Amino acid sequence: MKSYLNASEVAKLLKVDRATVTRWAQQGKFKGAIRIDKSHQWRIPISSYEELVKNDNK
Amino acid sequence: MKVITFSIFKGGTAKTTSTVNTAAALAKKGKKVLVVDLDQQASATRYLDLDPDASPNLYEVFMGVQQAPLAIRKTKHGVDVLSSHVLMAAIEEALEPGDETKLSDIIMPLRADYDFILIDTPPGKAMLAFNGLAAADLILIPASAERMAVDGVADLINHVQRIMWNKFSLSHQELRILFTMYRSTTNHSPAIVDNARKIWRDNILNVKIPHSTIFARSYDEKIPVSKLEPQHPGAIAYDVLADWLITYNNENA
Numbered sequence: 030m031k032s033y034l035n036a037s038e039v040a041k042l043l044k045v046d047r048a049t050v051t052r053w054a055q056q057g058k059f060k061g062a063i064r065i066d067k068s069h070q071w072r073i074p075i076s077s078y079e080e081l082v083k084n085d086n087k
Numbered sequence: 105m106k107v108i109t110f111s112i113f114k115g116g117t118a119k120t121t122s123t124v125n126t127a128a129a130l131a132k133k134g135k136k137v138l139v140v141d142l143d144q145q146a147s148a149t150r151y152l153d154l155d156p157d158a159s160p161n162l163y164e165v166f167m168g169v170q171q172a173p174l175a176i177r178k179t180k181h182g183v184d185v186l187s188s189h190v191l192m193a194a195i196e197e198a199l200e201p202g203d204e205t206k207l208s209d210i211i212m213p214l215r216a217d218y219d220f221i222l223i224d225t226p227p228g229k230a231m232l233a234f235n236g237l238a239a240a241d242l243i244l245i246p247a248s249a250e251r252m253a254v255d256g257v258a259d260l261i262n263h264v265q266r267i268m269w270n271k272f273s274l275s276h277q278e279l280r281i282l283f284t285m286y287r288s289t290t291n292h293s294p295a296i297v298d299n300a301r302k303i304w305r306d307n308i309l310n311v312k313i314p315h316s317t318i319f320a321r322s323y324d325e326k327i328p329v330s331k332l333e334p335q336h337p338g339a340i341a342y343d344v345l346a347d348w349l350i351t352y353n354n355e356n357a
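These protein sequence lines are chains R and D, in that order.
Heads up: the first sequence is residues 30 to 87, going by our numbering.
Heads up: the second sequence is residues 105 to 357, going by our numbering.
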C-alpha cells in the first residue's frame, strides 16, 4: 500500500480538477507533499489528505 | 470456517442488510461476532448505531496508526465492529495490485477471539472488495431475486475462481448464493431461483430473504430485525441463515 497519492488520485477523491490539486500542493496546502524531480509528479502523503478532509469538515 | 464475506460487485442487493442481520442473529444465539465494514459509505457502521466519523476505525488500522485489536468498537446489539470511515476512499486509492491480502493480515490476530467474523464489502471491482474476498473462508453472494441477478453472480464467481484463486492460495474457499428480496407470491422470483439452481445447484442456500419494508425500517431505527420484530419472516430468515452457518462451521471446523 502506498503511503502517498498523486495529484490525479487526490483530485478524484476530492472531486476537483487535477490542476486544482497541483495548485494547492504548490501553495503548501498538503503537509509533506513533495515533487519527484524526473516525473514532475506530486507525492501527497495520505496523512496530509486526511488533515485537509478533517479540517474542511470543521 | 470462520470468516464470511458478503460480496457481489453489483450494488443494492442487500450486502449490508445481510451482514448486519446475520451478525445480530448469531450474537443472539450466544456467538461472538465481529463485523468488518469495508465500505466507505459506512452503512453497516451506521446500521449498528455507531458514529462513522469517530475513532478508532478501519482507516487508522490500514494506515498503521492503530492496532486491529484496539480498534474494535462494541455495539449495544452484542456485535463488535471494525468500523468504516469516509477516509476509506483514500485507502482504496492507495492499495496497489498485490495488496489484496492486507485485510487477511489485519484480522489474523482476531480470529481466535471470535466465533464468526463477517465482512461487508463495497460494491464494484474495488481493491477493498478484493481484500474482503481474499480474507474469506466462505463467500456469501447476496443476489436479488427481483431482477436478473444471475449475471452479477456469475461475474463475482468468475472473478474469484479465475483471478483470485490463481493469484493467491485461496482454493479452500467456498461460495454460496443467498437470494434476497424474494417475493414468493410472484412467479418472477421463483423463476429466477429455479434458473439459477440449474447452474449453481447446491451452492444456492435454501433459505431466502423475503422482500420487505422491515429492513428499511430496521436501518432507520438502527435496530437489527431480530430485535425489532423477532417473529417477522425477515427476522426468521436471518435466524435460519445463522443456524445454517453454525452447523456449517461445526462441520468444517
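Fair warning: there could be bad hints in the mix.
Said to hold, decoys possible - Straight line, CA to CA, 30 Å or less: simulated DSBU-like cross-link-like pairs of lysine-lysine:
1) D/206 - R/31
2) R/67 - R/31
3) D/271 - R/41
4) R/83 - D/136
5) D/326 - D/302
6) D/271 - R/31
7) D/331 - D/302
For the record, the hints were derived by calculation from the structure and aren't laboratory data.
Predicted model only: the values in this text are computed from it and were never measured.
Tell me the hint numbers this structure goes against, listed in increasing order. Violated: hints 4, 5, 7.
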